[in-house]
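Please build the complete structure, drawing on both the sequences and the hints.
What follows is each chain in one-letter form.
Number of protein chains: 2
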Amino acid sequence: MAKEITSREQDYSQWYNDIVLKSGLADYTAVRGCMVIKPHGFALWEIMRDTLDKMFKDTGHVNAYFPLFIPKSFLSKEAAHVEGFAKECAVVTHYRLMNDPNGGGVVVDPDAKLEEELIVRPTSETIIWSTFKTWIQSYRDLPLLINQWANVVRWEMRTRLFLRTAEFLWQEGHTAHATADEAIAETRQMLDIYANFAENYMAMPVVRGVKSANERFAGAVDTYCIEALMQDGKALQAGTSHFLGQNFAKAFDVKFSDKENKLEYVWATSWGASTRLIGALVMAHSDDDGLVLPPKVAPLQVVIVPIYKGDEQLAMISEKANVLAKELRAMGISVKYDNSEHARPGWKFAEYEMKGVPVRVAIGARDLEKNLVEVARRDTKEKMTVPVEGLSSYIKDLLDDIQVSIYNKAKKFQQDHITKADSWEEFMAILDGKAGFVSAHWDGTGETEEKIKELSKATIRCIPLDNPQEEGTCILTGNPSTQRVLFARAY
Amino acid sequence: MAKEITSREQDYSQWYNDIVLKSGLADYTAVRGCMVIKPHGFALWEIMRDTLDKMFKDTGHVNAYFPLFIPKSFLSKEAAHVEGFAKECAVVTHYRLMNDPNGGGVVVDPDAKLEEELIVRPTSETIIWSTFKTWIQSYRDLPLLINQWANVVRWEMRTRLFLRTAEFLWQEGHTAHATADEAIAETRQMLDIYANFAENYMAMPVVRGVKSANERFAGAVDTYCIEALMQDGKALQAGTSHFLGQNFAKAFDVKFSDKENKLEYVWATSWGASTRLIGALVMAHSDDDGLVLPPKVAPLQVVIVPIYKGDEQLAMISEKANVLAKELRAMGISVKYDNSEHARPGWKFAEYEMKGVPVRVAIGARDLEKNLVEVARRDTKEKMTVPVEGLSSYIKDLLDDIQVSIYNKAKKFQQDHITKADSWEEFMAILDGKAGFVSAHWDGTGETEEKIKELSKATIRCIPLDNPQEEGTCILTGNPSTQRVLFARAY
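In order, the protein sequence lines correspond to chains A and B.
In terms of numbering that gives the first Met the number 0, the first sequence has 202 at position 203, counting the first letter as 1, and numbering is strictly consecutive.
In terms of numbering that gives the first Met the number 0, the second sequence has 430 at position 431, counting the first letter as 1, and numbering is strictly consecutive.
No lab work stands behind these hints: they were computed from the structure.
None of these values were measured; they are calculated from a predicted model.
Among the clues, some could well be false.
Note: identical chains are not told apart, hence a pair may lie in one copy or across any two.
[Stated by the list, open to error] Calculated lysine-lysine pairs in the BS3-like style (CA-CA distance at most 25 Å, straight line): (1) K56 to K410; (2) K382 to K354; (3) K76 to K56; (4) K86 to K295; (5) K411 to K382; (6) K319 to K380; (7) K86 to K112; (8) K410 to K21; (9) K369 to K132; (10) K369 to K295; (11) K132 to K450; (12) K258 to K410; (13) K382 to K347; (14) K354 to K56; (15) K21 to K254; (16) K450 to K21; (17) K112 to K369; (18) K233 to K408; (19) K254 to K456.
Structure follows, in structure tokens:
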């Protein structure tokens, strides 16, 4: 096989890069930290985007589009916010190039300096709240439920395809409400939408929880998150939903007159999920032969490959293949009949395995005489000999089964990787052993959290929702604690 | 009516701004030249985008996503290209902010200067062709048919909502081919797709043509375009499709080995349409009461407004309205039943007229007793009394009729505004009179074209496809000419 990839056991990190590159999801570019999302990766993103978009619209949100640029002074209006983002901002300072009169080629025109520098948005709270000020006057204007699909830039020093890139694609919801309760309910609703999407479409089980103060979004009162587990036992934050309180309303002076005609600051939320999810999807399910995609997000669900000698056999197979393809399409299943002559069946098998196509149907001339075909599922690599009659229904059921199987396998892995630790030694042994989430007592202070991170490279991923209260002592300081929280090393 | 707008006669330019702002399509922002696309405008863009996207995919194109940033040196690799875009580039020079040690607040960190400045993409030929170099080796990799939906930035000095903004949204197709003929065929195919979209969805007739050398895209061998006519007689370029020859392949050294194993430069096209189309749509059809939207691109096609006194009447009307809404939705028609109590019917009528909803159904208690409702069409403002029985089919037919009527009206306007001029005096009289396209002889030189532009503010919009050849003399120089071309003042 031409496209060999490193095994997970050999080098998990290299395995991930190999899959992303060789399955055609993404590629490096000449621009530091910026990737190109290749057609297969973008088709996957389109499905994820459209699925989420429908969920947002079904819950009353509408899309809009705000400027790419944020005046530097806007970013600075919310103190915690600028503190959180200042260190990774791409800054536009000029608006023109010129030919260097000294023969230095094309250079920045020094006369075209902006009066105020513009930041390429790392997130859009500030520009959006400066706009909301003009949109919100009265309680009748609320709730305002806006979402934006956009590119954002965070000048990360260490980047990895999909997981951490200087530019990435995402959606960011920004909502405004008359009461704190309503805003908190929105925050929680959007967390549930993310969890539903992760579990029921990406087949990726998640823990829902709230972040500790140290891990909160810069400018939020509370950050809720979904945390997934990768096959190497590291955690990955797969979506966040923030209750922003009145922080941005106060920073941008956004007030509304309530039913009693009294002026009040507006309550806010924001929530986002990004192309990072593609990285999570790869790492959650894939194997040493390439991508494994849950059928519900797979750009191509079924591939049909003919196995033949000569045109006569091909014609006979093609007839059956085209009927099958038509039946599957009528069921809403995406299918490709790959009768290209440039590659042999074995090469095609490997290629579609690499790309994560959930079901492969191989139609051979000899089998066909007995009205049989070979069906292979990508997730378990099981092969079945199946009668042509009823084949499309069989495949439909198989796709459903694959979706559930992939989830169940990941769920079992997750459950096997949530481990209690009651001492520092246990804590470190788990992290350095099977890893995963470690459920442990912590004294609730930021200092201890920081120290644990320094010593172990593990962070508090979240305090799970509906966390049981339990007396205990902090694994580091021995100070009293009332609940366990989930630690992990994370992407 | 609260939201009065300036009439076209009074001030066409102000009328346009009023409509865009008051119908909720877009708004100004604090960032110079950058707009916010509001929910109604973005819903319109989503329909336009999804319609075009399907056309692209149906012709074999796939989507991908390339970096927002372009290294300065890349932009400079194609000489004509950098010449065309250098004067309007937003330039990123730094990647971090800091707190000013001298108390000046948040400032750009001088130590975080980029080694090479990055340009915010004004268009993506250069970054894409630098990537294509790694994707294309052999004729088997061709054709490569890529499209990207993205934001781009051109630092225009004078901006207008949708028509000319510093940042705008668009799609840019970039394709690579083994032969010039194939690339030219692709260029023409995409021009036809734009024309089909403009005429059959936006109900906006266009002239298909090719640009003169002066008006060509920077880096193209030939630029094809569709040109539409606005109600004030000015032209608007609504989409372009470029045959790039081997210019970018040579600039980025992209070669492929052909079937004879000989290395050849690749042939290229690029083509784009943008949120500018929304501006065109507004100006092509709207009137002094607001937007007029062709049903095929209207985010909301039908609104139902109840006219009632008391809860009993409302209940009776709501029952009928909900049945109608359900029937219409089953036909794939978007519909809203606006039973909100915060506004009276008259206010609602004006509001939905402003927003361009093609059909309004008013259900009154008295009419309903006779099994009648009032149906109003937005384009002609005609009102019909229609039986409840068969109402949904009636509305479906009416929507089709409105689509055709809007197109026919615009087509008639276009035909009435293509005028021949055989002398400079005639030429100027038409431009200063009814305007529109002026069909005139031109001697074919860039100098004359430039001079005509200086004197008249009119540019050559295009040389129409299949233009009849005809002996004549240039309206400015009197030099011999073999064909008429279309001039106009333009947006």
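Consistency of the hints with the structure:
no., hint, result
1, K56 to K410, "neither (29 Å within a copy, 36 Å between copies)"
2, K382 to K354, "within (18 Å within a copy, 57 Å between copies)"
3, K76 to K56, "neither (31 Å within a copy, 44 Å between copies)"
4, K86 to K295, "neither (38 Å within a copy, 47 Å between copies)"
5, K411 to K382, "within (24 Å within a copy, 64 Å between copies)"
6, K319 to K380, "within (24 Å within a copy, 55 Å between copies)"
7, K86 to K112, "both (22 Å within a copy, 13 Å between copies)"
8, K410 to K21, "neither (27 Å within a copy, 51 Å between copies)"
9, K369 to K132, "neither (71 Å within a copy, 48 Å between copies)"
10, K369 to K295, "neither (32 Å within a copy, 50 Å between copies)"
11, K132 to K450, "neither (41 Å within a copy, 48 Å between copies)"
12, K258 to K410, "neither (48 Å within a copy, 50 Å between copies)"
13, K382 to K347, "within (16 Å within a copy, 62 Å between copies)"
14, K354 to K56, "between (31 Å within a copy, 20 Å between copies)"
15, K21 to K254, "between (52 Å within a copy, 22 Å between copies)"
16, K450 to K21, "neither (40 Å within a copy, 55 Å between copies)"
17, K112 to K369, "neither (76 Å within a copy, 70 Å between copies)"
18, K233 to K408, "within (17 Å within a copy, 63 Å between copies)"
19, K254 to K456, "neither (42 Å within a copy, 47 Å between copies)"
Of the numbered hints stated above, those contradicted by the structure are hints 1, 3, 4, 8, 9, 10, 11, 12, 16, 17, 19, listed in ascending order.
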